[in-house]
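Residue numbers (our numbering), protein chains in the order written: chain A, -5 to 332; chain B, 263 to 465.
If you are wondering where the hints come from, they were derived from the structure by calculation, not from laboratory data. Wrong hints could be hidden among the right ones.
[Claimed, not checked] For each label pair, taking beta carbons as the anchor points, the in silico distance ranges come out as:
id, chain 1, residue 1, chain 2, residue 2, range
1, B, D266, A, E19, 55 to 61 Å
2, B, M284, A, D24, 43 to 49 Å
3, A, P227, B, E311, 49 to 55 Å
[Stated by the list, open to error] No farther apart than 30 Å at their CA atoms in a straight line, the calculated lysine-lysine pairs in the DSSO-like style are these:
id, chain 1, residue 1, chain 2, residue 2
4, B, K308, A, K91
5, B, K358, A, K121
6, A, K121, B, K308
7, A, K27, B, K312
8, A, K121, B, K326
9, A, K91, B, K312
10, B, K308, A, K27
11, B, K312, A, K121
12, B, K375, A, K121
[To be verified] Among the chain B residues that face chain A by a calculated CB cut under 10 Å, a handful are:
id, residue
13, D295
14, N301
15, M330
16, G338
17, A340
18, G341
19, P342
20, L343
21, G345
Using N, Cα and C, we set each Cβ at its ideal position, and we do this for glycine too.
The primary structure of each chain is shown beneath.
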Amino acid sequence: MSVKTMKKLINAPDAVVREALEGMEAAHGDLIKVNYDPAYIVRADAPVQGKVGIISGGGSGHEPMHGGFVGRGMLDAACPGEVFTSPTPDQMLEATKAVNGGAGVLHIVKNYTGDVLNFEMAADLAKGEGIDVEAVVTNDDVAVQDSLYTAGRRGVGITVIAEKICGAAAENGKPLAEVAEICRRVNGQGRTMGMALTACITPGSGEPSFDLPDDEMEIGIGIHGEPGRYREPLGSAHQVVERLATAIVEDLPYESGDNVLAFVNGMGGTPLIELYVVYNELNKFLSERGITITRHLIGDYITSLEMAGCSITLLKLDDELTGLWDAPVLTPALRWGA
Amino acid sequence: MTADQVRDWIRRFADEIAEHRMELVRLDTAIGDGDHGTNMDRGMKKAVEKLDGTDGGDIGGDLKTVGMALVSSVGGAAGPLYGTLFLQMGTAAAGKDELDLDGWTAAVEAGVKGVQSRGKAEPGDKTMLDALFPAVDALKEGGELGEALDRSAAAAEEGMKATIPLEARKGRASYLGPRSIGHQDPGATSSSMLLRVAAETLK
Chain A
-5 MSVKTMKKLI NAPDAVVREA LEGMEAAHGD LIKVNYDPAY IVRADAPVQG
45 KVGIISGGGS GHEPMHGGFV GRGMLDAACP GEVFTSPTPD QMLEATKAVN
95 GGAGVLHIVK NYTGDVLNFE MAADLAKGEG IDVEAVVTND DVAVQDSLYT
145 AGRRGVGITV IAEKICGAAA ENGKPLAEVA EICRRVNGQG RTMGMALTAC
195 ITPGSGEPSF DLPDDEMEIG IGIHGEPGRY REPLGSAHQV VERLATAIVE
245 DLPYESGDNV LAFVNGMGGT PLIELYVVYN ELNKFLSERG ITITRHLIGD
295 YITSLEMAGC SITLLKLDDE LTGLWDAPVL TPALRWGA
Chain B
263 MTADQVRDWI RRFADEIAEH RMELVRLDTA IGDGDHGTNM DRGMKKAVEK
313 LDGTDGGDIG GDLKTVGMAL VSSVGGAAGP LYGTLFLQMG TAAAGKDELD
363 LDGWTAAVEA GVKGVQSRGK AEPGDKTMLD ALFPAVDALK EGGELGEALD
413 RSAAAAEEGM KATIPLEARK GRASYLGPRS IGHQDPGATS SSMLLRVAAE
463 TLK
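Use the sequences and the hints to build the structure in full.
Printed below as a string of structure tokens:
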């Protein structure tokens, strides 16, 4: 096997997470504070008294998720793990305490075994300290067959949208049970599928997460460089959108007359011009089926390091969810109306 | 088993994990995300460091120290699972300075039950429980402590090897479906090591 040199803008593989946190703190000190031991990012004015606190977390390497979504109208705190490794319960417990304004705390957890187990332990510990905690697990990835015999569908793109919408609901003063219910509704009405043109390289391993020949693409990837559902010869943006959108639309299903939020996400190594080509194809695909895009999000929001590729997420909207999506948000990576 | 021997067991486990770190990484690369050896090594080094900073004498307290160290340093799925194993063992052995076979069996059984309720796995799902369950059964056969520990180590090893033909139904390996068949489960492997060094501690 030929040895390729890892080309990354880093100082040392084991310093990446901490130095990126220091950079975020230096850049966005007006919005967030960073705690280093244990590691969590928390909004600068936390805890907000009387408001439900919302925290999320997961392995690093998916930036801007989750740290970039901490701020008014979205997350109260985010717990970063090592690259592609779940954070630990002590981080989540301290973050939960830091954002508890007396109205309880919602944990938004992506469905990966490590994330789920660590958040469960954290919730047990927090409840032991008298904090009201609810957890919602997102599992929107249609690439994984949901069955009793797997760990279930992975949580991917819908997580970003759930964090935004739940953040708005909490900001509006909704109680914990209601914010959790809205989160479950967003997850239930949302579906995602992704694809990759290249693998990614974690700083720790220095090697590509899978081998993908130059003339092939991987359909149905997750966000940790794991291989997808199947592999096929490289196709056009038109073909890629047809693959992803067909699987998504048929799964829920989304039907003629539906209004949707369409989220075209870059995996980290895809130029914005290509994401707009994908969005254009998606818009045509959905219009032909009588599905109307009434809200959209386009860009790199839930990434896999330098992986090239994209994911498509659809959320079926109603008036309440649309209003919560439009509400002001002020975070390092997502901001409008504020 | 005295409090000193329990500490010795933990140190031996840390050494065993360090020595076999790459073997665990290789097993995990085949059907998981390849970090089991690295994560467990980091966690057990932290556990030994924490134990060295405390007085000892209380088996329950020591086991809880180990559990908390693992929970806060391992991450992934192994952190909460091994952390829960030691935390529950610690609760069962609270205030004790020596464990006879009944006490040891009760502690291990409490730990294994904790792992099961945390991970919601069943025997045959190709997880660490496939090594741990047979070990508990072997301990329950009674007899002299040293012999029982030998029996439980042998049972765990057999359970570990029996994971090879199984199809994974939990964790990241379950995404592979039938492609997980033919590989030994990394969690069952580290659990088998844990019970083997327990037997060696008393020799």
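The hints, checked one at a time:
1. Between B/D266 and A/E19 the beta carbon distance is about 45 Å. The supplied range of 55 to 61 Å is therefore violated.
2. Checked against the hint of 43 to 49 Å, the pair B/M284 and A/D24 passes, with Cβ atoms roughly 46 Å apart.
3. Checking the proposed 49 to 55 Å range against A/P227 and B/E311 shows it holds: the Cβ atoms sit about 52 Å from each other.
4. A C-alpha spacing of about 25 Å is found between B/K308 and A/K91, which places the hinted pair at or below 30 Å, so the restraint holds.
5. With a C-alpha separation of about 28 Å, the suggested pair B/K358 and A/K121 falls inside the 30 Å cut-off, and the hint holds.
6. Taking the CA atoms of A/K121 and B/K308, the gap is about 26 Å. The hint holds against a cut of 30 Å.
7. Between A/K27 and B/K312 the alpha-carbon distance is near 29 Å, which keeps this suggested pair within the 30 Å criterion.
8. The hinted pair formed by A/K121 and B/K326 meets the criterion: a straight-line CA distance of about 19 Å does not exceed 30 Å.
9. Proposed proximity of A/K91 and B/K312 is supported: the alpha carbons are some 24 Å apart, at most 30 Å.
10. With a C-alpha separation of about 27 Å, the suggested pair B/K308 and A/K27 falls inside the 30 Å cut-off, and the hint holds.
11. Distance check on the hinted pair: B/K312 and A/K121 sit about 26 Å apart at the alpha-carbon level, within 30 Å; holds.
12. Proximity of B/K375 to A/K121 is assessed by CA-CA distance (about 21 Å); at most 30 Å being required, the pair is judged to hold.
13. At its closest, the beta carbon of B/D295 sits 7 Å from a beta carbon of chain A; the interface hint therefore holds under the 10 Å criterion.
14. Taking 10 Å as the C-beta cut-off, the interface hint given for B/N301 holds, the closest approach to chain A being about 7 Å.
15. The closest approach between the C-beta of B/M330 and any C-beta of chain A is roughly 8 Å, which is under the 10 Å cut-off, so the hint is satisfied.
16. Satisfaction of the interface hint for B/G338 is found here, the shortest Cβ-Cβ separation to chain A being roughly 4 Å, below the 10 Å cut-off.
17. Restraint check, B/A340 versus chain A: the minimum CB separation of about 8 Å is within 10 Å; hint holds.
18. Annotation: B/G341 was flagged as interfacial toward chain A, and the flag holds, the nearest CB pair being 6 Å apart, inside 10 Å.
19. Hint status for B/P342: holds, given a least beta-carbon distance of 4 Å to chain A, under 10 Å.
20. Evaluation of the B/L343 hint against chain A yields a held restraint, the C-beta minimum of about 7 Å falling below 10 Å.
21. Proximity of B/G345 to chain A holds as hinted, the smallest CB-CB distance being about 7 Å (cut-off 10 Å).
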